[in-house]
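Generate coordinates for the entire structure from the input sequences, incorporating the hints supplied.
Here is how the chains run, residue by residue.
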Amino acid sequence: MSANPARPTSFDVAAIRRDFPILHQSVNGKPLVYLDNAASSQRPRAVIDAISRYYEHDHANVHRGVHVLSQRATDAYEGARDVIRRFINAADTKEVIFTRGTTEGVNLVAQSFLRPTLQAGDEILISALEHHANIVPWQLLCEQTGATLKVVPIDRRGVVDFAAFETLIGPRTKLLAIAHVSNALGTIVPVERFIAVAKRHGVPVLLDGAQAVPHTSVDVQALGCDFYCFSGHKMLGPTGIGVLYGRKQLLERMPPWQGGGDMILSVTFEKTTFNQLPWKFEAGTPDISGAIGLAAAISYLESIGMERIAAYEHELLMYATERLSRIPGLQIVGTAPEKAAVVSFVLEGIHPHDIGTIVDTEGVAIRTGHHCAMPVMEYFKVPATARASFAFYNTFEEVDRLVAALEHTRRLLG
Amino acid sequence: MDLKDLYRDVIVDHNRNPRNFGKLTPADVHADGHNPLCGDRLTVYANLDGDRIKDIKFEGSGCAISVSSASLLTEAVKGKTRAEIQKLFDEVHTLLTQHDATVDVSKLGKLAALSGVREFPARVKCASLCWHTLNAALDSQAEPVTTE
Numbered sequence: 001m002s003a004n005p006a007r008p009t010s011f012d013v014a015a016i017r018r019d020f021p022i023l024h025q026s027v028n029g030k031p032l033v034y035l036d037n038a039a040s041s042q043r044p045r046a047v048i049d050a051i052s053r054y055y056e057h058d059h060a061n062v063h064r065g066v067h068v069l070s071q072r073a074t075d076a077y078e079g080a081r082d083v084i085r086r087f088i089n090a091a092d093t094k095e096v097i098f099t100r101g102t103t104e105g106v107n108l109v110a111q112s113f114l115r116p117t118l119q120a121g122d123e124i125l126i127s128a129l130e131h132h133a134n135i136v137p138w139q140l141l142c143e144q145t146g147a148t149l150k151v152v153p154i155d156r157r158g159v160v161d162f163a164a165f166e167t168l169i170g171p172r173t174k175l176l177a178i179a180h181v182s183n184a185l186g187t188i189v190p191v192e193r194f195i196a197v198a199k200r201h202g203v204p205v206l207l208d209g210a211q212a213v214p215h216t217s218v219d220v221q222a223l224g225c226d227f228y229c230f231s232g233h234k235m236l237g238p239t240g241i242g243v244l245y246g247r248k249q250l251l252e253r254m255p256p257w258q259g260g261g262d263m264i265l266s267v268t269f270e271k272t273t274f275n276q277l278p279w280k281f282e283a284g285t286p287d288i289s290g291a292i293g294l295a296a297a298i299s300y301l302e303s304i305g306m307e308r309i310a311a312y313e314h315e316l317l318m319y320a321t322e323r324l325s326r327i328p329g330l331q332i333v334g335t336a337p338e339k340a341a342v343v344s345f346v347l348e349g350i351h352p353h354d355i356g357t358i359v360d361t362e363g364v365a366i367r368t369g370h371h372c373a374m375p376v377m378e379y380f381k382v383p384a385t386a387r388a389s390f391a392f393y394n395t396f397e398e399v400d401r402l403v404a405a406l407e408h409t410r411r412l413l414g
Numbered sequence: 415m416d417l418k419d420l421y422r423d424v425i426v427d428h429n430r431n432p433r434n435f436g437k438l439t440p441a442d443v444h445a446d447g448h449n450p451l452c453g454d455r456l457t458v459y460a461n462l463d464g465d466r467i468k469d470i471k472f473e474g475s476g477c478a479i480s481v482s483s484a485s486l487l488t489e490a491v492k493g494k495t496r497a498e499i500q501k502l503f504d505e506v507h508t509l510l511t512q513h514d515a516t517v518d519v520s521k522l523g524k525l526a527a528l529s530g531v532r533e534f535p536a537r538v539k540c541a542s543l544c545w546h547t548l549n550a551a552l553d554s555q556a557e558p559v560t561t562e
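First to last, the protein sequences are chains A and B.
In terms of our numbering, the first sequence has 341 at position 341, counting the first letter as 1, and numbering is strictly consecutive.
Basically our numbering = 1-based index in the second sequence + 414.
Rather than coming from a laboratory, the hints here were simulated on the basis of the structure.
For each residue, glycine too, the CB sits at the ideal point set by N, CA and C.
Don't take every hint at face value.
What the hints assert, rightly or not - Derived pair list, reagent style DSSO-like, types lysine-lysine, alpha-carbon separation capped at 27 Å: (1) K492(B) with K30(A); (2) K381(A) with K418(B); (3) K418(B) with K468(B); (4) K524(B) with K492(B).
To be verified - If the Cβ cut is set under 10 Å, some of the chain A residues that face chain B in the computed set are: (5) E348; (6) H351; (7) T357; (8) T361; (9) A365; (10) M374; (11) V382; (12) L412; (13) L413.
In structure tokens:
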């Protein structure tokens, strides 16, 4: 009989771990336990190989040459775009813009979609859960235009206050920009409900999907959002590549946000004609290998299955929550009923920074600090938290290792 | 990398029971220090006799390294002049950052307990925050004071 019948036994985590070379090493003399996946995940061999193969066989600049390598590189780059389109179920590859990451996607929408029409007195609505990347671009825009940033509050569980949202949205609201999943607390925001209300008010919606896409299947058409941003490196892909999904009707109306090569059809000193979507928003030589690596990451995720990944990570979350809750003096910050596999916590009398250093000497990598969400820390009146964030290559034994490292921390400093 | 080198008994003790902890009212000088990366915040208060520190206190919250370092600092600088403090800070800074440190730890007294920090580069800022804050407090006093 299995000790824990709830565990999905069909999930062969040992085989999965063999696909990730970086996991098989010792840190400070102990086998590495990597629990900082919300900051950045690790890469499977398939992603590393796809990038190497591209550089060893196919690299040239895209959209330019008539020679074979340029054609191969173009096919691989545009092929990657279509892999991503299918993954998020966008209607058209023109709606998939490659960016440097989530942050750049948010900035692009701020400057190209909203700025041209935004006026003093207009309002942008965000939530109190947001990562700095979904706060600061809007603050910059407000400074540029005289618009106002409005913030939907959260409650003690880390749940966005839907009733307050309904009172805050109104005729002056020009955009709702909200996280799909909170990076600091793990809260899964029921964005469908928010989008439904926003639509009634005719307010476009941007979702920050950086923490959602790696852990659950996302269908941008089913969601009905106008913009969706995410990053490659949090979903097994390379750093420096990300995606902005935007509805074609909106993207077509938007001016380019950076000028240069690749985003033009013709240039004279009198008049430049911009390229079509999606290239209109991709000035300069793009991150070709990054796009190829991201497509390889998506293929890998799909080979396992997003539903199975979500189910296994949920089991890890339940187990970690239960084990950590039993540590005396430990308080979990963020207890929303729907959560991704993120456990943010504080230990009574011990600063998170000390926790991070001590568990690191036990080989356990977690994040400590404000998680680029200082307003969230402010709300919970803590200077920082420790955060363990899980991926599907983590194990129940690694949760035990974290717990043991925290017990060690308490003995040392408690 | 031995954890016991970082969290020595002196450090653990000063973290649990920080010395000279609290607000000094009135204070001739004070300054706030903030390490946004880890959320450490502290305020250093001092009363001066010429350029000699007559009394010093600190308050705030932070990790064990920053709290104990601040606590040790208050004990170390009480009664010292600005020049003596600068010399001490230079030595502490060398102790915190340089592996082949030629610091005579016997002159540092209890501050020598911070020597383990240099094995943990991510924590150097924690240990030095209170020193920078004290300097800021003393510098604020050096600014010309206008009352009209």
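Query raised in the report: Which earlier hints can't be squared with this structure?
Result: Violated hints (numbers, rising): 1, 2, 3, 5, 9; every other hint is consistent with the structure.
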